[in-house]
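K.L.:
We have chain P; now place chain W onto it with these hints.
Below are the chains, spelled out letter by letter.
There are 2 protein chains.
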Amino acid sequence: MPKGHHVVVVGGGFGGLQLVNDLKGAPVRVTLIDRRNHHLFQPLLYQVATTVLATSEIAWPIRQLYRGRPEVTTLLGEVKGVDASGKTVALANGQAISYDTLVLATGATHAYFGHDEWAPVAPGLKTLEDATTIRRRVLLAFEQAELENDPARRDALLTFTVIGAGPTGVELAGMIAEMAHRTLPAEFRRIDTRSARIVLVEAGPRILPAFTDELSAYARRELEGLGVEVWTGRPVTDCNAAGVMIGDEFVASRTLVWAAGVQASPAAEWLGIEADRAGRALVDEDLTAPGHRDVFVIGDTASVKQANGTPVPGIAPAAKQQGAFVARVIRARLEGRPAPGPFRYRHQGSLATIGKRAAIIDFGRIKLKGALAWWIWGIAHIYFLIGTRSRIAVAWSWLWIYLSGQHSARLITQKEILGEGASRLHH
Amino acid sequence: MPKGHHVVVVGGGFGGLQLVNDLKGAPVRVTLIDRRNHHLFQPLLYQVATTVLATSEIAWPIRQLYRGRPEVTTLLGEVKGVDASGKTVALANGQAISYDTLVLATGATHAYFGHDEWAPVAPGLKTLEDATTIRRRVLLAFEQAELENDPARRDALLTFTVIGAGPTGVELAGMIAEMAHRTLPAEFRRIDTRSARIVLVEAGPRILPAFTDELSAYARRELEGLGVEVWTGRPVTDCNAAGVMIGDEFVASRTLVWAAGVQASPAAEWLGIEADRAGRALVDEDLTAPGHRDVFVIGDTASVKQANGTPVPGIAPAAKQQGAFVARVIRARLEGRPAPGPFRYRHQGSLATIGKRAAIIDFGRIKLKGALAWWIWGIAHIYFLIGTRSRIAVAWSWLWIYLSGQHSARLITQKEILGEGASRLHH
Chain P
1 MPKGHHVVVV GGGFGGLQLV NDLKGAPVRV TLIDRRNHHL FQPLLYQVAT
51 TVLATSEIAW PIRQLYRGRP EVTTLLGEVK GVDASGKTVA LANGQAISYD
101 TLVLATGATH AYFGHDEWAP VAPGLKTLED ATTIRRRVLL AFEQAELEND
151 PARRDALLTF TVIGAGPTGV ELAGMIAEMA HRTLPAEFRR IDTRSARIVL
201 VEAGPRILPA FTDELSAYAR RELEGLGVEV WTGRPVTDCN AAGVMIGDEF
251 VASRTLVWAA GVQASPAAEW LGIEADRAGR ALVDEDLTAP GHRDVFVIGD
301 TASVKQANGT PVPGIAPAAK QQGAFVARVI RARLEGRPAP GPFRYRHQGS
351 LATIGKRAAI IDFGRIKLKG ALAWWIWGIA HIYFLIGTRS RIAVAWSWLW
401 IYLSGQHSAR LITQKEILGE GASRLHH
Chain W
428 MPKGHHVVVV GGGFGGLQLV NDLKGAPVRV TLIDRRNHHL FQPLLYQVAT
478 TVLATSEIAW PIRQLYRGRP EVTTLLGEVK GVDASGKTVA LANGQAISYD
528 TLVLATGATH AYFGHDEWAP VAPGLKTLED ATTIRRRVLL AFEQAELEND
578 PARRDALLTF TVIGAGPTGV ELAGMIAEMA HRTLPAEFRR IDTRSARIVL
628 VEAGPRILPA FTDELSAYAR RELEGLGVEV WTGRPVTDCN AAGVMIGDEF
678 VASRTLVWAA GVQASPAAEW LGIEADRAGR ALVDEDLTAP GHRDVFVIGD
728 TASVKQANGT PVPGIAPAAK QQGAFVARVI RARLEGRPAP GPFRYRHQGS
778 LATIGKRAAI IDFGRIKLKG ALAWWIWGIA HIYFLIGTRS RIAVAWSWLW
828 IYLSGQHSAR LITQKEILGE GASRLHH
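If you read the protein sequences in the order shown, they are chains P and W. Just so we're aligned: 72 in my numbering is position 72 of the first sequence, and the numbers increase by one with no gaps anywhere. Just so we're aligned: 520 in my numbering is position 93 of the second sequence, and the numbers increase by one with no gaps anywhere.
Excised from the complex, chain P in its bound form:
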């Protein structure tokens, strides 16, 4: 293949960036397309939603990351389809970008299991705007409660419901409880923020199902110690501006957050290939799309099995391993070497935090919980941030909160009519 071999990468998440990083020095031109101008460190997005970190601390302009790589062109654009026979991708603005090799790393969004009408009242957490929307609603609920004279309406304003008890749901519920019980009480005069109810609802039998029974039970005790009501085995049957139906019980709650399910981006549809129930493209064991040797699908929008038959989880390390694997395949093809064997996922461990002092970690043989796990979690996340500036900024924000107890990013931005439950600006 010629030096001008053109790799088009759609999506600047963990998988896409790892791929572009690992193609450094390869005889290729790279075009990286994303509909956002920034890479987002999603594992800490819940901390923006809960006023711990600022948006710019966990997001980086993608083109800045590749300023030293003249062969990498970054385009801000939304991909609307793929013409696999003509080897082009179509952008929403009408342009077509031709490729020699295409890598789709377009990720996933939240899914409402056929109830998209719940989206305006129960926002999910995938983008910076989602995080500032949740942050605004949580802060506005306390503000409106301070102004509210009717006790029933005040109670509904002070009831926060998080739907879904995976790591994101647990982290959100824990941090909202920390705010209500520890950060805010001294600042309100008419309400006692410690009377706020934080309800974490899970349809399955226990929280954090990716962890062992013991770590899951520990996390539940810790959450309850922070003041979170944990409701397991209770499916949500309705969400509206007044509250949430949990089984056949209605909980009046003005602030709902959705952390219950994900739906892959339409990469499989673009290619006309088979997808699993969550919309993830069923790819071959070298991560190519069936019938499309020059098209790879990686990360949250791909469905891949591990050697033991279980699916590769939709987490950052898996996406990064897939990006690195595809870079090796592309290099091998360009050099005429045999491609590396099938993609093998190595699970490095699972981490989740509960509030500001505890975490659980499962490294397989080693399992940790409590303060030590929390420190390891924090150091690992600072390590994985991009660049010295962000590492120091996040470390400083955390240190400040640790020492002072004061959250630094408690801003209500974007206009929202006071007294309205649902934002009219977002979505």
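FYI, nobody ran anything at the bench for these hints, they're computed from the structure. Keep in mind that a hint or two might mislead.
[Claimed, not checked] Here are the simulated distance ranges between beta carbons: (1) P:G370 x W:I813: 29 to 39 Å; (2) W:T815 x P:A252: 35 to 45 Å; (3) W:Y810 x P:A371: 29 to 39 Å; (4) P:T109 x W:R818: 32 to 42 Å; (5) P:G68 x W:G652: 49 to 59 Å; (6) P:T232 x W:Y810: 46 to 56 Å.
[What the hints assert, rightly or not] Partial pick of chain W residues on the chain P-facing surface, computed with a CB cut under 8 Å: (7) E573; (8) R616; (9) R816; (10) W827.
[Unchecked claim] Stretch-level coverage of chain P by chain W, calculated; a stretch enters the list once three of its residues show a Cβ under 8 Å from a Cβ in chain W: (11) 8-18; (12) 34-41; (13) 125-137; (14) 180-191.
Beta carbons are placed, not taken as given, at the ideal position from N, Cα and C, and that holds for glycine.
P.N.:
Below, chain W without anything else, positioned relative to chain P:
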């Protein structure tokens, strides 16, 4: 007056906060009402608009500032009117708040001199949302230019026009020029960002009219050295999505920023008292509203003369001095002492920066320009920020930019349809 004397302060800007700070220990209850949950350090807002600082570095939750003052109640609400005979203020949600003493410190917004239709295409800079709107438009213009194949449209995308050459206009134009000429060139592959035009338009005969001719001329040379075209004596006669009419010359420019005029909040209207042409309430020499001894008006929404007959400028130090003065008057009245004499404004100096290396300072007898002035400007602004956390965060952001040349807050947030000139989300 009883210990329960109730001071209602509307507006948590520089004047309102100084007043509440200086009432510490006085026998009063204080209610501070703002339609935002945060105090904003407006002098650095242009740095959010130009990707230098993050929103949370220059804004603080108002109620957090008074967590240690149990007699201070903070309310998030929009005031819609004043009933001076009934001594209440009306909130937009229908509630009425009664007062014994009222202080209106409601500030100003940008004014389009009867051309409000220009607002969507030429946003001003008064709020955090304004700053992120301008930031988004500036960054999107470069992104869209990178995608654009038509040369005329690309040139219009790479032309940035700042209207009004006071300190804010000069600071915006200088920082956009720094971005185009120094920060961004290495990151784009299809366009040369150094070819961008930055046009600063001023209807008056020279830029920065508050400074001496010599400092103003120096600032102009520095701006031109950064690549800014400075057009003086040229009024803007039309703004639209395609560009700006300057006198009878049309400049195709997809990004316009308005820094040309301000309009006071309607405090004078609420009280039914006289206002100047910019809508500022004409107050008595003790800053009370004529005929309303218990109502004070301070800051950008008040019109006060200095001893020499010129108006007190609409800048942060003036608002703070007025807040401090009113606190002294209220204390004197409560203690039955004679009130302090008429309000006297002490001008401490004027500062403006040009780009990232130069500034001008006029302390009256001492006048400075260049790098030394820039360092004094920076240290003074860090000193005036609220709290250790912000001082360290801003100092770190500036140090990082100084060392690396990389701006840290280059995020495009809020959804905007690519290819549309004007935001449909904002305003």
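K.L.:
Indicate, hint by hint, whether the structure satisfies it.
P.N.:
Hint-by-hint comparison with the structure:
With their beta carbons about 35 Å apart, P:G370 and W:I813 fall inside the hinted range of 29 to 39 Å. Between W:T815 and P:A252, the C-beta spacing of about 40 Å keeps the proposed range 35 to 45 Å intact. Hint check: W:Y810 to P:A371, Cβ distance near 37 Å, so the stated range 29 to 39 Å holds. Checked against the given bound of 32 to 42 Å, the beta carbons of P:T109 and W:R818, roughly 39 Å apart, stay inside it.
Distance hint for P:G68 and W:G652: a CB-CB separation of about 27 Å, inconsistent with the stated range 49 to 59 Å. Checked against the hint of 46 to 56 Å, the C-beta distance between P:T232 and W:Y810 comes to roughly 52 Å, which is consistent with it. With 8 Å as the threshold, the beta carbon of W:E573 comes within range of chain P, its nearest partner Cβ sitting at about 7 Å, so the hint holds. Against a cut-off of 8 Å between C-beta atoms, the interface hint on W:R616 holds, since the closest Cβ of chain P lies about 4 Å away.
Interface hint at W:R816: satisfied, since its Cβ lies 5 Å from the closest Cβ of chain P, which is below the 8 Å cut-off. Annotation: W:W827 was flagged as interfacial toward chain P, and the flag holds, the nearest CB pair being 5 Å apart, inside 8 Å. With a threshold of 8 Å between beta carbons, the proposed coverage of the region 8-18 of chain P by chain W is violated, since 0 of its residues qualify and at least three are required. Counting residues of the region 34-41 of chain P whose beta-carbon sits less than 8 Å from any beta-carbon of chain W gives 3, enough to reach three: the coverage restraint holds.
Coverage of a stretch by a chain is defined here by at least three residues with a beta carbon nearer than 8 Å to that chain's beta carbons; for the region 125-137 of chain P and chain W the count is 3, and the condition holds. Counting residues of the region 180-191 of chain P whose beta carbon lies closer than 8 Å to any beta carbon of chain W gives 5, which meets the minimum of three for the stated coverage.
Violation of the numbered hints given earlier is confined to hints 5 and 11; the remaining hints are satisfied by the structure.
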